[in-house]
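Chains as they are written, first to last, in UniProt numbering: chain A, 1 to 471; chain B, 1 to 471.
Hints are supplied without guarantee of correctness; some may be wrong.
Repeated chains share a single entry, so a pair holds when one copy, or any two copies, can fit it.
For lysine-lysine, the following DSS-like pairs were computed, each having C-alpha atoms within a straight-line distance of at most 27 Å [to be verified]: (1) K464 - K7; (2) K239 - K218; (3) K239 - K212; (4) K228 - K212; (5) K7 - K20; (6) K239 - K318; (7) K116 - K228.
Hints listed in this document are in silico derivations from the structure and should not be mistaken for laboratory results.
Protein chains: 2
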Amino acid sequence: MISEQAKQELAAVLGPDYVKDDPQTLVTHSYDGTPMLQSLPDAVVYPENTEQVSQTLKVLHKHRIPLVSRGSGTNLCGGTVPVQGGVVMVMHRMNRILEVDLENLTATVQPGLNTKQFITHVEELGLFYPPDPSSMAVSTIGGNIAECSGGLRGLKYGTTKDYVIGLEAVLANGDILRTGGKLMKDVAGYDLTKLLVGSEGTLAVITEATLKLIPPPKFKKTMIAMYKDLHGAARTVSKIIEARIIPATLEIMDNPTIRVVDDFAKLGLPRDMEAILLIEQDGDPAAVERDIERIESICRGESADRVEVAATPEEALKLMTARRSAFTALARLRPTTILEDATVPRSKIAEMVLEINRIAAKHNVQIATFGHAGDGNLHPTATTDARDQDEVHRVEAAFEEIFEAAIRLGGTITGEHGVGLVKAPFLEWKVGAAGMEMMRGIKQAFDPHNLLNPGKMFAKATRKRVVIDRG
Amino acid sequence: MISEQAKQELAAVLGPDYVKDDPQTLVTHSYDGTPMLQSLPDAVVYPENTEQVSQTLKVLHKHRIPLVSRGSGTNLCGGTVPVQGGVVMVMHRMNRILEVDLENLTATVQPGLNTKQFITHVEELGLFYPPDPSSMAVSTIGGNIAECSGGLRGLKYGTTKDYVIGLEAVLANGDILRTGGKLMKDVAGYDLTKLLVGSEGTLAVITEATLKLIPPPKFKKTMIAMYKDLHGAARTVSKIIEARIIPATLEIMDNPTIRVVDDFAKLGLPRDMEAILLIEQDGDPAAVERDIERIESICRGESADRVEVAATPEEALKLMTARRSAFTALARLRPTTILEDATVPRSKIAEMVLEINRIAAKHNVQIATFGHAGDGNLHPTATTDARDQDEVHRVEAAFEEIFEAAIRLGGTITGEHGVGLVKAPFLEWKVGAAGMEMMRGIKQAFDPHNLLNPGKMFAKATRKRVVIDRG
Chain A
1 MISEQAKQEL
11 AAVLGPDYVK
21 DDPQTLVTHS
31 YDGTPMLQSL
41 PDAVVYPENT
51 EQVSQTLKVL
61 HKHRIPLVSR
71 GSGTNLCGGT
81 VPVQGGVVMV
91 MHRMNRILEV
101 DLENLTATVQ
111 PGLNTKQFIT
121 HVEELGLFYP
131 PDPSSMAVST
141 IGGNIAECSG
151 GLRGLKYGTT
161 KDYVIGLEAV
171 LANGDILRTG
181 GKLMKDVAGY
191 DLTKLLVGSE
201 GTLAVITEAT
211 LKLIPPPKFK
221 KTMIAMYKDL
231 HGAARTVSKI
241 IEARIIPATL
251 EIMDNPTIRV
261 VDDFAKLGLP
271 RDMEAILLIE
281 QDGDPAAVER
291 DIERIESICR
301 GESADRVEVA
311 ATPEEALKLM
321 TARRSAFTAL
331 ARLRPTTILE
341 DATVPRSKIA
351 EMVLEINRIA
361 AKHNVQIATF
371 GHAGDGNLHP
381 TATTDARDQD
391 EVHRVEAAFE
401 EIFEAAIRLG
411 GTITGEHGVG
421 LVKAPFLEWK
431 VGAAGMEMMR
441 GIKQAFDPHN
451 LLNPGKMFAK
461 ATRKRVVIDR
471 G
Chain B
1 MISEQAKQEL
11 AAVLGPDYVK
21 DDPQTLVTHS
31 YDGTPMLQSL
41 PDAVVYPENT
51 EQVSQTLKVL
61 HKHRIPLVSR
71 GSGTNLCGGT
81 VPVQGGVVMV
91 MHRMNRILEV
101 DLENLTATVQ
111 PGLNTKQFIT
121 HVEELGLFYP
131 PDPSSMAVST
141 IGGNIAECSG
151 GLRGLKYGTT
161 KDYVIGLEAV
171 LANGDILRTG
181 GKLMKDVAGY
191 DLTKLLVGSE
201 GTLAVITEAT
211 LKLIPPPKFK
221 KTMIAMYKDL
231 HGAARTVSKI
241 IEARIIPATL
251 EIMDNPTIRV
261 VDDFAKLGLP
271 RDMEAILLIE
281 QDGDPAAVER
291 DIERIESICR
301 GESADRVEVA
311 ATPEEALKLM
321 TARRSAFTAL
331 ARLRPTTILE
341 DATVPRSKIA
351 EMVLEINRIA
361 AKHNVQIATF
371 GHAGDGNLHP
381 TATTDARDQD
391 EVHRVEAAFE
401 EIFEAAIRLG
411 GTITGEHGVG
421 LVKAPFLEWK
431 VGAAGMEMMR
441 GIKQAFDPHN
451 LLNPGKMFAK
461 ATRKRVVIDR
471 G
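Work the whole structure out from these sequences, hints included.
Here you go:
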């Protein structure tokens, strides 16, 4: 609960219209893109500028009130659920592109800016901002920075981290921190910029970001390869990389995903295939043509049943639609969809998909897998029903084993979705006791009273690891 | 001073041959690549593996003995001078390439590995590791990671940070930390990997690194453009970037550098030019030819006096030799050479070079400037004589003003050399009081007894800023 005194102070900072605690507003901000998680905040605030964010944090700091800052809440890790109540700060009013600097190829933006709108804007200027999380039509740049969002182009172009070169952020005590700048090289002290990217709102509230832009590729080509044997698809992924080709996109869909997507999008996908690869290459026309030819030949060499190269942009769009609609299609199957994020070295894709299938069968749950094969970032997706407690428990047990399997294969519990609430109990599996201790120390340095997004990333208890008995 | 007891414990961990405290060894490890800094350690140790590093740190932790870990000591910021005595740990015995993984395009190496040797090895395998600090013939990968080394290819390919995807490191208490992995995406908690890169040995001792490799460019072309007007050269830099071309290399040398390099290397450089740009583009042949043609036309449009494109690899090598010999040539002029690292947004190159010249004249010191124009990373280099105290003070005063000017132009005090001892008094100018406080908190979390490279990055006092009076 927030005292009347604190609410008055917040209203004085933000204006009375921008501090809300009516039931509708509280409910609307009690959940995010993650299923089965909900917790009411005590108030919701809407700052207009950095100064208001700073003053708001000073009020919250004085009264020791927790804060969850958020954009559109599209995250899938419970990252913006206000589990300890307090204030939710919505960044949507701070949504401006402050500058696109054509001499330095940088953009300076506010955190509430919509990702897709930003990408479109820079494309119209003949520039390119590669991070393309699937949520980009709704998500904000600030949210992308908080979660270090990836996307389909991560393989070749990297993720949000690779494009954030400067930040302005407000610390827990209201102080304003500025890091980096329009600089391609800066080694003045510890890299606080990269530390804040992916820190999930637990270290500071990002109020401004300077982003690196790059020249866009001149040409793009799209192809699809279909396999009756999952291993053939996985070997293709490895062989492409081994051939020193880094495609712009290299996506995989397994058989359950293929069937669901075909039901949904009526694309005439072959329902008897074990796996489909969707591949895009971009760059200079000659290089793209050569790469696509070589990839085609690798696919055939690994016994692809069918290989099709899109002849027109429309055909290419149709192919990519298949992949981009995977989540939506899966979400239609059952009332609850849980999209996970286990990631492995790309050479371990086949092993991981087989492990996922084995684990799903063992626990009698439905899990379809698709994802970014080229960077090993898989999205095993369970379709279930939150009202069926027994099934939900089986799904949870399955995902625990999936995380365990990913780590056993040299992977991680999350490639691009973040830790948040959902994966906090598993973080120590990846980073170890020493890693947890250092992360707790960093959190303590930035936020000694644990006011910024409390309850995220650091779980009260680490899950006991599943005992693997392969008899 | 180290107690006999501690020495015996170290000898028990490392073997008696690998703990040295004879005067020769101590003197040899009392300095690094930075002029005018020297401080004797109490002992020098040479671990063979991670376990020995861990055990050594446990001994030092118990006795509260400071540790400076180092590779070849080529850094230019006093980063490995043992200013508080204690133990210097030389990583040269841990110099193996543990694995090059052709399926995942990663290499796993030990920190004492020579940079050039590593680059050559991966090139022989048809792969590419871009970071190319000028010291690479001598430097180690561990040193490059500690300092986040850049180099000539930073503009297009990024710096060491962009290629380190996993680390094993030993913490101050001897615990072993493992971060990242063979993963192109990993958002499990705070990014400790990127935090350790560039942390200058103040947070942990790096014992193993997993590095990302990329396919090499297929073709390269080199050109030179000469200007009687510095602004023409600077505008050329901006225009190239504005034309959406990111060259592999885009270097600048000012007139004092040109004359010195020509004296040294007898390349027949035009001594009356105010600036030379050295430009390389790499990639697919057609794209390279097209870019070089457009760059040539931009150079001529900005009144370049002469533009020459190397017709053969030998000619290209000769051009690049001019740039690569700049430091060596300058170092012949006077007994002491101080190479600095002020960095600005690339659109501010001309302004910054003019500021440097103005400041050098004001303080009556000789400063030549060359560097990585494409990423704004300049190396103003003072030639002086350490025995002339008055002149050295004037040089120091000049560099203080140069740092101030860089920051005023939106730049930083160091682009790729690190903070170390030399720039510690200026760090707060760049990162502010809030940044210093967060960095101190991180240091405290990792190294509560201040044993790892003490005295570096955090100065006892921040320099008062020069008052700029422009009347």
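Tested hints:
Taking the shortest Cα distances, K464 and K7 never come within 27 Å of each other, neither inside one copy (42 Å) nor across copies (41 Å). Both within a single protomer and between protomers do K239 and K218 lie at most 27 Å apart by alpha-carbon distance, with minima of 25 Å and 19 Å respectively. Only between protomers do K239 and K212 lie at most 27 Å apart by alpha-carbon distance; the minimum there is 17 Å, versus 31 Å within a single protomer. In the homo-oligomer, the alpha carbons of K228 and K212 never lie at most 27 Å apart, since the shortest distance is 42 Å inside one protomer and 32 Å across protomers.
Within a single copy, K7 and K20 get their C-alpha atoms as close as 9 Å, which meets the 27 Å cut-off; across copies the closest is 65 Å, which misses it. In this homomeric assembly, K239 and K318 come within 27 Å of each other (Cα to Cα) only inside a single copy, at 26 Å, whereas the closest approach across copies is 38 Å. Within a single copy, K116 and K228 get their C-alpha atoms no closer than 36 Å, and across copies no closer than 45 Å, so neither meets the 27 Å cut-off.
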